[in-house]
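This is what each chain is made of:
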Amino acid sequence: MDTAVSVKNIVKKFGEVNALDDISFNIKKNKIFGLVGPDGAGKTTLIRIMCGLLKADSGEVDFTEIESTKGKGKIKNEIGYLSQKFSLYTDLTVDENIEFIADIHGVKNYQTRRDELLQFTRLKDFRHFQAGKLSGGMKQKLALACTLIYRPKVIFLDEPTTGVDPVSRREFWIILSGLLKENITILISTPYMDEAERFNYIVMMNNGKLISEGTPSEIKAAMNMTVMEIVCIPVRDAYKILKKNVNSDVQMFGDRLNLIFKGDFPEVNQVREMLENNKIIVSDIRMKIPSLENVFIELMESGNA
Amino acid sequence: MKSIEVKNLTKKFGDFISVNDISFDVYKGEIFGFLGANGAGKSTTIKMLCGILEPTSGDALVSGFSIDKDPESVKKNIGYMSQKFSLYGDLTVNENLNFFGGIYGLEGSILEKRKDWALKISGLENKGNILTSTLSVGFKQRLALGAAVMHEPKIVFLDEPTGGVDPVSRRKFWDLIHEISDKGMTVFVTTHYLDEAEFCNRIILINAGKLIASGSPAELKEEFIESTVLEIVCDDTIAVTELLSDEDYSQNVSVFGNSIHLILKKKYSENSEELDVIKRSISEKTGRQDNVKINIILPSLEDVFLNLLEKRE
Numbered sequence: 000m001d002t003a004v005s006v007k008n009i010v011k012k013f014g015e016v017n018a019l020d021d022i023s024f025n026i027k028k029n030k031i032f033g034l035v036g037p038d039g040a041g042k043t044t045l046i047r048i049m050c051g052l053l054k055a056d057s058g059e060v061d062f063t064e065i066e067s068t069k070g071k072g073k074i075k076n077e078i079g080y081l082s083q084k085f086s087l088y089t090d091l092t093v094d095e096n097i098e099f100i101a102d103i104h105g106v107k108n109y110q111t112r113r114d115e116l117l118q119f120t121r122l123k124d125f126r127h128f129q130a131g132k133l134s135g136g137m138k139q140k141l142a143l144a145c146t147l148i149y150r151p152k153v154i155f156l157d158e159p160t161t162g163v164d165p166v167s168r169r170e171f172w173i174i175l176s177g178l179l180k181e182n183i184t185i186l187i188s189t190p191y192m193d194e195a196e197r198f199n200y201i202v203m204m205n206n207g208k209l210i211s212e213g214t215p216s217e218i219k220a221a222m223n224m225t226v227m228e229i230v231c232i233p234v235r236d237a238y239k240i241l242k243k244n245v246n247s248d249v250q251m252f253g254d255r256l257n258l259i260f261k262g263d264f265p266e267v268n269q270v271r272e273m274l275e276n277n278k279i280i281v282s283d284i285r286m287k288i289p290s291l292e293n294v295f296i297e298l299m300e301s302g303n304a
Numbered sequence: 000m001k002s003i004e005v006k007n008l009t010k011k012f013g014d015f016i017s018v019n020d021i022s023f024d025v026y027k028g029e030i031f032g033f034l035g036a037n038g039a040g041k042s043t044t045i046k047m048l049c050g051i052l053e054p055t056s057g058d059a060l061v062s063g064f065s066i067d068k069d070p071e072s073v074k075k076n077i078g079y080m081s082q083k084f085s086l087y088g089d090l091t092v093n094e095n096l097n098f099f100g101g102i103y104g105l106e107g108s109i110l111e112k113r114k115d116w117a118l119k120i121s122g123l124e125n126k127g128n129i130l131t132s133t134l135s136v137g138f139k140q141r142l143a144l145g146a147a148v149m150h151e152p153k154i155v156f157l158d159e160p161t162g163g164v165d166p167v168s169r170r171k172f173w174d175l176i177h178e179i180s181d182k183g184m185t186v187f188v189t190t191h192y193l194d195e196a197e198f199c200n201r202i203i204l205i206n207a208g209k210l211i212a213s214g215s216p217a218e219l220k221e222e223f224i225e226s227t228v229l230e231i232v233c234d235d236t237i238a239v240t241e242l243l244s245d246e247d248y249s250q251n252v253s254v255f256g257n258s259i260h261l262i263l264k265k266k267y268s269e270n271s272e273e274l275d276v277i278k279r280s281i282s283e284k285t286g287r288q289d290n291v292k293i294n295i296i297l298p299s300l301e302d303v304f305l306n307l308l309e310k311r312e
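Residue numbers (numbering that gives the first Met the number 0), protein chains in the order written: chain W, 0 to 304; chain Y, 0 to 312.
Each statement offered as a hint is correct.
Derived pair list, reagent style DSS-like, types lysine-lysine, alpha-carbon separation capped at 25 Å:
1. K287(W) to K220(Y)
2. K292(Y) to K30(W)
3. K171(Y) to K287(W)
4. K6(Y) to K153(Y)
5. K243(W) to K171(Y)
6. K27(W) to K292(Y)
7. K310(Y) to K123(W)
8. K7(W) to K75(W)
9. K266(Y) to K287(W)
10. K278(Y) to K287(W)
11. K239(W) to K153(Y)
12. K119(Y) to K75(Y)
13. K239(W) to K182(Y)
14. K239(W) to K27(Y)
15. K119(Y) to K242(W)
16. K27(W) to K75(W)
17. K284(Y) to K180(W)
18. K220(Y) to K310(Y)
19. K171(Y) to K219(W)
20. K182(Y) to K242(W)
21. K132(W) to K11(Y)
22. K266(Y) to K310(Y)
Cβ-to-Cβ under 7 Å is the rule here; a few derived chain Y residues that face chain W:
23. N37
24. V164
25. D165
26. D181
27. A217
Keep in mind that the hints were calculated from the coordinates and are not lab data. C-beta: ideal position from N, C-alpha, C; glycine also.
Sequences and hints are given; from them, build the entire structure.
Following this line, the structure appears as structure tokens:
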């Protein structure tokens, strides 16, 4: 079996609000699984239910595969959870925080693993710093190291890169890819569609509902969308011309436009000619694969979300 | 026409130089992106440009007023909006607009006209009496923008305006920004989300208080990406990554979901013989996997940014 966790028909209401409306999916072993959606989609509620911190109104989270090897009721030591709020001891050092978490989980000889993790997260030079003195990106890495000290089989990361700058964000991604080599299954949530392109498999959520699932390329292929990217000057005039004459969604960026077609689309040369006849200088025009952001917008606007 | 003129702007806090002798111009009606990682000096610069922090040396003209000599006039002629800066949740939409209109000294028929405008652009016509806290994030954001520019300033500062909102609301927000800049308002955006920066006409990047790059998104990609990036779609990404990392042509290899991004050591043209040789070598490495695809991918601003910062380390 290659399923690590199964989520089956999870429902959760807060008063009148359907926070989670009948959510089901499987998480495959040793993959990066993404929960993708804007604030308020239900990502955090779902993660808390999966970790056993919150009770669902109905439905279940099935860890059978892990339990069958480790024994029933042993699941707590096999999962790790990184919450959105920084939850380490700011007045303890990096080393002491890891030691503390190791103790709680009854890990005896943690020193070698700790050195390994500090090396891996590039925190070795900071091991005697108080956690409160670290930058945002470093705190995230420390929290991750703490979670990994007891060698969980599955880790749940709730928006680990929100508010983190691009340099730390990319470093965090390299670390996560490295973890797959240790046979760890990773569930990660994010509101950023560009980040979701990096996952092996994603579930898109909006307002407590599952709106799409698959690998990023499967999700895109299912949409039958085509995007034409046009780099041109002056971009604002081009926008007005295309809005009037082309039957597609037009999105304007700083120095280029995207035409998003559903179904049929015109030849690149036809569009180029139309723009050039209107005194627009086109420096590049090409077809490209739609982004997950294009897909999400289409799903929401077509009423599927 | 110049809307903001920054000349040798410097700010020191004790021995620490937060902003180190930066100069740049922003033109009327432009969407201008001001980028940098946390701690690069972005907030300090914005505070000076808004007239609420005095520079140590240098000066800037904002809408023609000196931030050093006439910060009060600067404050009156700009608008400011941030994701963190929120409207009052326990006031109605109308009450919020009255409050902000009052701060900017609007009254009578002008206030009414501008309120109608703010309601219209935020999609809240006939909804002035609802409590602001009940609005969704997207509506709140557009209302906050409307409130920030009720007094029709020539320049509006947006501080990380769209973090965390859904893509549809974000799209609507940027369409609105393009609309107001089209009417001549200058839009100054600070952000560390690089995909947000793609919406800007021109960008500058600062690091450790110093300006390190400027240009349009396309110019920056052309100028600062000196090598070709290949995307390789294959089954066993981890094993292939390890095989490729030792090759002479590989600068950096990283796993990207179900594919691999391989940064080469040089820039190759799309149909060159050299690139074909590399592609063939990659195909050999990936072995007998059937569905292997290799494509050139265009760099993102994030690639540019990381490339620039790594070079400085």
